[in-house]
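Q: Each protein sequence line maps, in turn, to chains B and R. Residue numbering for the first sequence follows numbering that gives the first Met the number 0, starting at 0 and increasing by one per position. Residue numbering for the second sequence follows numbering that gives the first Met the number 0, starting at 0 and increasing by one per position.
Bear in mind the hints are in silico, worked out from the structure with no lab data behind them. Note that the structure is a prediction, hence the values are computed from the model and not measured. Idealized CB from N, CA, C, for every residue including glycine. Hints may contain errors.
Stated by the list, open to error - Going by beta-carbon spacing under 10 Å, a handful of chain R positions derived as facing chain B:
#	residue
1	Pro7
2	Tyr11
3	Ala20
4	Ala29
5	Ala50
6	Glu57
7	Glu59
8	Ala61
9	Gly63
10	Ala82
11	Gly88
12	Cys95
13	Asp135
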Amino acid sequence: MRSLLRSLLNSIGVREIHEAANGSAALEILRERSCDLVLSDLAMQPMDGIDFTRDVRQSPRSANPFVPVIMVTGHTERHKVEAARDAGVTEFIAKPVTAQSLFARIAEILERPRAFVRCESYFGPDRRRKAQEGYAGPWRRHGDQHDHQVP
Amino acid sequence: MKKAQIIPPDDYPQMVSKSDAAKMARALRAPDTAARGATAIQQQSQKLQLAVHDYVRELENAAGNLPLVFEKAHELRGFAETAGLRSTGRIASGLCRYFDEMEKLGTVPDHAVVVLHVSAIARAARAKDEAGRMSDTVVKELAALVAHKVAETKAAL
Numbered sequence: 000m001r002s003l004l005r006s007l008l009n010s011i012g013v014r015e016i017h018e019a020a021n022g023s024a025a026l027e028i029l030r031e032r033s034c035d036l037v038l039s040d041l042a043m044q045p046m047d048g049i050d051f052t053r054d055v056r057q058s059p060r061s062a063n064p065f066v067p068v069i070m071v072t073g074h075t076e077r078h079k080v081e082a083a084r085d086a087g088v089t090e091f092i093a094k095p096v097t098a099q100s101l102f103a104r105i106a107e108i109l110e111r112p113r114a115f116v117r118c119e120s121y122f123g124p125d126r127r128r129k130a131q132e133g134y135a136g137p138w139r140r141h142g143d144q145h146d147h148q149v150p
Numbered sequence: 000m001k002k003a004q005i006i007p008p009d010d011y012p013q014m015v016s017k018s019d020a021a022k023m024a025r026a027l028r029a030p031d032t033a034a035r036g037a038t039a040i041q042q043q044s045q046k047l048q049l050a051v052h053d054y055v056r057e058l059e060n061a062a063g064n065l066p067l068v069f070e071k072a073h074e075l076r077g078f079a080e081t082a083g084l085r086s087t088g089r090i091a092s093g094l095c096r097y098f099d100e101m102e103k104l105g106t107v108p109d110h111a112v113v114v115l116h117v118s119a120i121a122r123a124a125r126a127k128d129e130a131g132r133m134s135d136t137v138v139k140e141l142a143a144l145v146a147h148k149v150a151e152t153k154a155a156l
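Chain B with its partners taken away, still in its complex shape:
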């Protein structure tokens, strides 16, 4: 999978790519080098993509808690996808990965960067994808109806 992603990134001119076999190794790389984008598998051992993303977003040692994380995952793992979203994943790509699906996600991140939300139980990209005009509640956060618009 890593070789496939490397080839696809090379084809769009990305030259500096760092590979890691699992979440712990990837965290080491992120601490040592500045990265613009992270592509991670969900199923890794010993540290999976969910724990990895949570660490990137929440650890005090994280070098860049705002770095976009694209999670590559199989379509059957819905409960895990939800857990990954709640850990702070930016975008998902379903397997099998195609050039079009990968490039579309990167384009989305570039063109429409998401606002980040920091609250007691979460730090990461705003999980609300659509602004619903005329939404009358219920409001999840105190003051939402007065001063928060989804960008």
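Position chain R against the provided structure of chain B, taking the given hints into account.
A: Positioned in the frame of chain B, the structure of chain R alone reads:
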């Protein structure tokens, strides 16, 4: 309840400037970029197929070690189809789905179901006519078996 803090994109570092981001996004969505990516995959197909065969061997050797079987099947689901081995990927995907369902139900997967899938993955990957009609039948039959086993397990709980 403490109010959530919203941090707009302008308040944290972005990969590139807004104008460069728009240009890059347009380029990434262009059909010729997708075609270049598809060519890159095609150029890798022989290498990818060799990797698939390596994973198939590791999958066969993992017999009895369910976490390892899942890990190898998951990899195969991820890129066997991209490597041009469609049926291999679909059978691996079915096996992963079975593992996921059993995990959700808090049950250990049936050894026979796992063995059948592993054997079918190996045969499909090595078949000359990998995506032939026979493979399609095997994929359908195994999917029916998984559905039956999941229903049976749910009924027994």
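Q: Taking each numbered hint in turn, which are not upheld by the structure, reported in ascending numerical order?
A: 6, 7, 8, 9, 13
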